[in-house]
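Peer 1: Each chain, written out:
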Amino acid sequence: MSTPTRTTFTPGETETKKHPVRGFFWGLMLGIGIAIVAVVTKLVTLSLTMVIVLVVVGVVIGTLWGAFAPAKRPKGEPPPARTAGAAYEASRFDDFDRPASEEPAAQGDSAASEDVDDKHTTAPDLGSGSAGGAGGDPDTGTTSGSDGGDSAGGDGGGDD
Amino acid sequence: MGWSRVRTGVAIGGLVLLVAGSPATAQSDEIDQSTLDALRAEVPEGEPGEDDIQEGDDRFGRLVAALGETTIVDISSSSKLEGVCGGWAFSFDEDGELIDSAIALGNGAAPFDTFEGGQAFTADNPFQVDTRGLVMYFGFMPRNDEGPMDHSWSITTSGISLDEGGDPNENGDNRNAGIVDLAEDLPFPFSAKVQVSGELTSSNIGQCIGEGHVEFIGNGLTDPVGLVGLALLGGGLFGLLFNARPAQTWRGAA
Numbered sequence: 000m001s002t003p004t005r006t007t008f009t010p011g012e013t014e015t016k017k018h019p020v021r022g023f024f025w026g027l028m029l030g031i032g033i034a035i036v037a038v039v040t041k042l043v044t045l046s047l048t049m050v051i052v053l054v055v056v057g058v059v060i061g062t063l064w065g066a067f068a069p070a071k072r073p074k075g076e077p078p079p080a081r082t083a084g085a086a087y088e089a090s091r092f093d094d095f096d097r098p099a100s101e102e103p104a105a106q107g108d109s110a111a112s113e114d115v116d117d118k119h120t121t122a123p124d125l126g127s128g129s130a131g132g133a134g135g136d137p138d139t140g141t142t143s144g145s146d147g148g149d150s151a152g153g154d155g156g157g158d159d
Numbered sequence: 000m001g002w003s004r005v006r007t008g009v010a011i012g013g014l015v016l017l018v019a020g021s022p023a024t025a026q027s028d029e030i031d032q033s034t035l036d037a038l039r040a041e042v043p044e045g046e047p048g049e050d051d052i053q054e055g056d057d058r059f060g061r062l063v064a065a066l067g068e069t070t071i072v073d074i075s076s077s078s079k080l081e082g083v084c085g086g087w088a089f090s091f092d093e094d095g096e097l098i099d100s101a102i103a104l105g106n107g108a109a110p111f112d113t114f115e116g117g118q119a120f121t122a123d124n125p126f127q128v129d130t131r132g133l134v135m136y137f138g139f140m141p142r143n144d145e146g147p148m149d150h151s152w153s154i155t156t157s158g159i160s161l162d163e164g165g166d167p168n169e170n171g172d173n174r175n176a177g178i179v180d181l182a183e184d185l186p187f188p189f190s191a192k193v194q195v196s197g198e199l200t201s202s203n204i205g206q207c208i209g210e211g212h213v214e215f216i217g218n219g220l221t222d223p224v225g226l227v228g229l230a231l232l233g234g235g236l237f238g239l240l241f242n243a244r245p246a247q248t249w250r251g252a253a
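Just so you know, the sequences run in chain order A and B.
Taken in order, the first sequence gives residues 0 to 159; the numbers are from numbering that gives the first Met the number 0.
Taken in order, the second sequence gives residues 0 to 253; the numbers are from numbering that gives the first Met the number 0.
Chain A on its own, in the form it takes in the complex (with noise of 0.2 Å):
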């Protein structure tokens, strides 16, 4: 049995996202709060150039903070070291939903079976391993292309 060695990253690297634009949607409606509790309290003459300096200052602030503010740490322990076989791990199951009218006619095909690998990435039904064995042998490593699947991190989707 061969030793996976191929690493995709270097362990404990990071990378910063930056969110400029819910900066400045937040920066809005804290321009506009600004605004509205500084006539209130009469720190300012209420005047239609007045609010707008003070909106402009919110999505100034709001946009600078999601830019450039400093970022906060990654959560959890970094993940080890991912190898070529760490993948296969992460994927094995891939292609265990897949629907019965859509299982591959001749069970041993090795083709086949990459090419579902590709398409279907979610949550395996355990019930149903008929296919499991047919996923790609570790030693061969044959399961790059499920990998695309994974999620970058947790830092929540639909990112600007």
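It is worth saying that the hints were derived from the structure and are not from the lab.
Where a beta carbon is used, it is the ideal one built from N, C-alpha and C, also for glycine.
Hints should not be assumed to be uniformly reliable.
To be verified - Listed below are several chain A residues computed to face chain B (Cβ distance under 7 Å; list not exhaustive):
id : residue
1  : W25
2  : K71
3  : R72
Following the hints, complete the assembly by docking chain B onto the known chain A.
Peer 2: Okay, now just chain B, sitting in the frame of chain A:
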């Protein structure tokens, strides 16, 4: 063209007085206590009728007489009133207590604060109104002659129209008196300091133009507007701190 619109138009001189001030010359901040007492004595007790024009005019005459000995000096240009318009205004809080009063003589002098002395409607001494109270006013344009005919008027703040109107005023009415019930007219109480401009243009006696500061007195941050402002400010801060801050993630983390 209803009678009420005619009165509204004619009263704009007084209303401009309400929200504006007066030109180059202004009256001294120094006023002796006896004069101030005499002015305050003219504040009516209880609410006058909507159409007490004659009573308002008589009161105006007495206020002018009480002010007669006051020294006239230049003070500030932060409020102005130009034209042959003038009048008086008294502001009461929701309990009926007088909180501010002012008079404009219509002779080029600045509006005068008959409650505390000094120039009225300035940035430092805005005319105070309680958003749950009421304001009595009497206005003229001019006091002893035919009123503005075929006129139009507008009240603006920061170039935005708050109200506008106009009327032929074929009868030549030149004065009006009434009460503005702010508790009834405003949808909710609020606090703010506002700079307001007013203008009336007529075909026969030219313009009445004024600018001045009005301070609306409410409950500050505990009014609905203040609470909305606090909520937006707090929400914006929360979002910036917990949703928009850049974040580091482990590269390739699952």
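Peer 1: Next step is simple, just say for each hint if it's right about the structure.
Peer 2: Hint check results:
no. : hint : result
1   : W25  : 4 Å, holds
2   : K71  : 4 Å, holds
3   : R72  : 6 Å, holds
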